[in-house]
Amino acid sequence: MLLSLEPRGQQSRAMLWLSPLLAAVLTLCSGALLFTLLGHDPLATLHTLLIAPLADWYGVSELLVKALPILLCALGLAVAYQARIWNIGAEGQLLLGALAGSAMAIQIIDWDSRWALVWVVLAGMAAGAAWGGLTAWLRTQFNANEILTSIMLNYIALNLLLFFVHGPLKDPAGFNFPESAMFGDASRLPLLSEDGRLHAGLYFALLALVAVWVLLQKSFLGFQIKVLGLDRRAAGFVGFREKRLVWFALLVSGGLAGLAGVGEVAGPIGQLVPQVSPGYGYAAITVAFLGRLNPLGIVFASLLMALLYLGGENAQMTMNLPQAITQLFQGMMLFFLLACDVLILYRPRLKLKWAQRKTKANTEALA
Amino acid sequence: MQKKSKKPLLRALVAALGFSATLGASAADPLKVGFVYIGPIGDHGWTYQHEQGRQAVIKELGDKVETSYVENVPEGADAERVIRNMAKGGFDLIFTTSFGYMNPTLKVAKQFPNVTFEHATGYKQDKNTATYLSRSYEGRYVGGFLAAKMTKTKKIGYVASFPIPEVIRDINAIQLALDKYNPGSEIKVVWVNSWFDPGKESDAANALIDQGVDVVFQHTDSPAPIQTAERRGVYSVGYASDMAHFGPKAVLTSIVNDWGPHYVKSTQAVIDGTWKSQDFWGGLAEDTIRLPISDLVPADVKAEAEQIIADIKSGAFHPFTGPIKDQSGVEKIPAGVAATNAELASMNYYVENVKAELPK
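Residue numbers (this note's numbering), protein chains in the order written: chain U, 1 to 367; chain L, 1001 to 1360.
Any given hint could be a false lead.
[Stated by the list, open to error] Residues of chain U clear of chain L, computed beta-carbon distances all greater than 10 Å: (1) L5; (2) L33; (3) G39; (4) H40; (5) L122; (6) G222; (7) P268; (8) Q275.
[To be verified] Within a straight-line C-alpha distance of at most 27 Å, the following computed DSSO-like cross-link-like pairs (lysine-lysine) qualify: (9) L:K1124 / U:K170; (10) L:K1249 / L:K1155; (11) U:K170 / L:K1276; (12) L:K1088 / L:K1032; (13) L:K1110 / U:K170; (14) L:K1155 / L:K1032; (15) L:K1124 / L:K1276; (16) U:K170 / L:K1355; (17) U:K218 / U:K243; (18) U:K170 / L:K1332; (19) L:K1152 / U:K170; (20) U:K170 / L:K1188; (21) L:K1127 / L:K1265.
[Unchecked claim] So the derived list for chain L, only partly shown, Cβ under 8 Å to chain U, looks like this: (22) S1068; (23) E1071; (24) F1112; (25) I1271; (26) I1293.
These aren't lab readings, by the way, just hints derived from the structure by calculation.
Please read all numbers here as calculations on a predicted model, not as lab measurements.
Note that CB positions come from ideal geometry on N, CA and C, so glycine has one too.
Isolated chain U, as found in the complex (with noise of 0.2 Å):
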């Protein structure tokens, strides 16, 4: 028995469903092997994975507040994916954002008025945007390659912000340790309720959310933008400008990783940390191919993603569960997500023999 992989010839719209199942069904089978084999009861384990951070309001709300830097940033990458413009710097873009954003609040920090939060989270969108635009430009002029630009960028912004962190920016009142000082209240996103940090952040989410689906899916820009991602010459030809594409590209991109970045640090932080991001920018990469590069999908697959990190954790408290055991089942699941989303492109068949390479004879006699 050979089991092969055909070329559908175009996409199964059965599969770009049944995919996802598939890959559930597959992640809890080995993830209960898995589990078994290491002794834990695997329905106990996999409820405390996956259903116990849910199990009230509170983790909910908790889910959001991770999952909602992970989703800026994955949103902004469809946009330039779309355009086949390799952006992998959205780590930097965000840190970049979170720097400016603090930067701003520490002048500030006395203000009472709503302004400050304006202004905040704007130098923080602002900093992301000049971020990504500064791969725009070397791209553009210089022909750079934007992969390796934007990941070279991130070690920069990540070194800027602890450069800061460390200098100017440190609270003078910290004893020298690397932080700065908490923002005043009015740099801060409000909270959404009493209990919990769900914040303003969700809404700006929710905005970039409805504007990222309406550029892709009904605007020209965004037509252009997809032609541009199939066919770069085809995008020539019709007098599609790649160079401004490419630039509106990076910097819607970084401008909403720049959103993620002060969200953080505007949101539940509240003062600037070396630590700001633990690679949200690099998590978005996977969120934005889970989601296929579609905004409702990359919804999903942030608060999946949200999800694993957070029963990661609850695995640990509550069942002793080492961290690598849990990241082993993460990287299980999102393997077989991707993994099984080839069904969508190809048909698999399972035979008896290899098939015959057919003879020239034959094809000439086809033609």
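On the provided structure of chain U, position chain L as indicated by the hints.
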């Protein structure tokens, strides 16, 4: 409909079961103790030592406690969630073991007045939040004594993390020991701006050795400086855990953080209901730090070192006893007076004979 009608019954059943369980076991209910770690438990340094402390709690208190930990918790927005989830999950005592957890710990502590929190290395306390740290400078002083006796080049190296008071204090302690036991010796400092970065730590150790240093101290958590010292044939002093096996021909001693005694004591205090918020400084006397001295050190020097340790333990000697001047010659601690905890906690100057410049 059917589903709905079943639920109350189930709930009642669960409640009844739970109620009888609490009734039966209230006296013997184990205290739930949680630990939040910054690194992986296998880092051979900081987190590893806290994990050893947790093991000590289990060993000492057995059935009276139930412990759990979460490792690799980033100091950003995630820390608050982990700490709060522990508090919500019924933990009675929570140790947060990295400086960056300070504000999240205090925030959660306000919301859970019945849960007890202890935060390592911080400077903010509350009714239900204590802080604790180790007087690692006592160990550094003894290490400085050993270095003074063992150095040939009169140059001592220090692989430093961040210019916070704890690190500055420790550098000063070494200089004070050098001044006393081998005057004219100097300490050279390289900042790596990280607590755990084996590559940078090893580069820093190499740079120091290239400048003629023949005893390398470290205020970072990886064994890399020790391995570098071993390879280059110079001495070193380990930190956080006993690092002797990483450099059998290099390690004179290690300043071992032993959190076990404090964790056991605090946990017992919570069980007994006698716990009080405090700013705990554990040193040699409290067994929070230990100094296993290697046989590389000649017997008479070792005996002298043991005597210094005994004097610090008994309180007969304090490494920061005046007169102590800063680099510009201003007297910071008057003659015959020992520095207070507050003075130590805010130390932001190098003592007189340190030839380096403090990063601002």
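Hint check:
| no. | hint | verdict |
| --- | --- | --- |
| 1 | L5 | 38 Å, holds |
| 2 | L33 | 25 Å, holds |
| 3 | G39 | 17 Å, holds |
| 4 | H40 | 15 Å, holds |
| 5 | L122 | 21 Å, holds |
| 6 | G222 | 32 Å, holds |
| 7 | P268 | 4 Å, violated |
| 8 | Q275 | 5 Å, violated |
| 9 | L:K1124 / U:K170 | 17 Å, holds |
| 10 | L:K1249 / L:K1155 | 19 Å, holds |
| 11 | U:K170 / L:K1276 | 32 Å, violated |
| 12 | L:K1088 / L:K1032 | 12 Å, holds |
| 13 | L:K1110 / U:K170 | 25 Å, holds |
| 14 | L:K1155 / L:K1032 | 49 Å, violated |
| 15 | L:K1124 / L:K1276 | 15 Å, holds |
| 16 | U:K170 / L:K1355 | 25 Å, holds |
| 17 | U:K218 / U:K243 | 22 Å, holds |
| 18 | U:K170 / L:K1332 | 25 Å, holds |
| 19 | L:K1152 / U:K170 | 39 Å, violated |
| 20 | U:K170 / L:K1188 | 25 Å, holds |
| 21 | L:K1127 / L:K1265 | 18 Å, holds |
| 22 | S1068 | 5 Å, holds |
| 23 | E1071 | 5 Å, holds |
| 24 | F1112 | 12 Å, violated |
| 25 | I1271 | 21 Å, violated |
| 26 | I1293 | 31 Å, violated |
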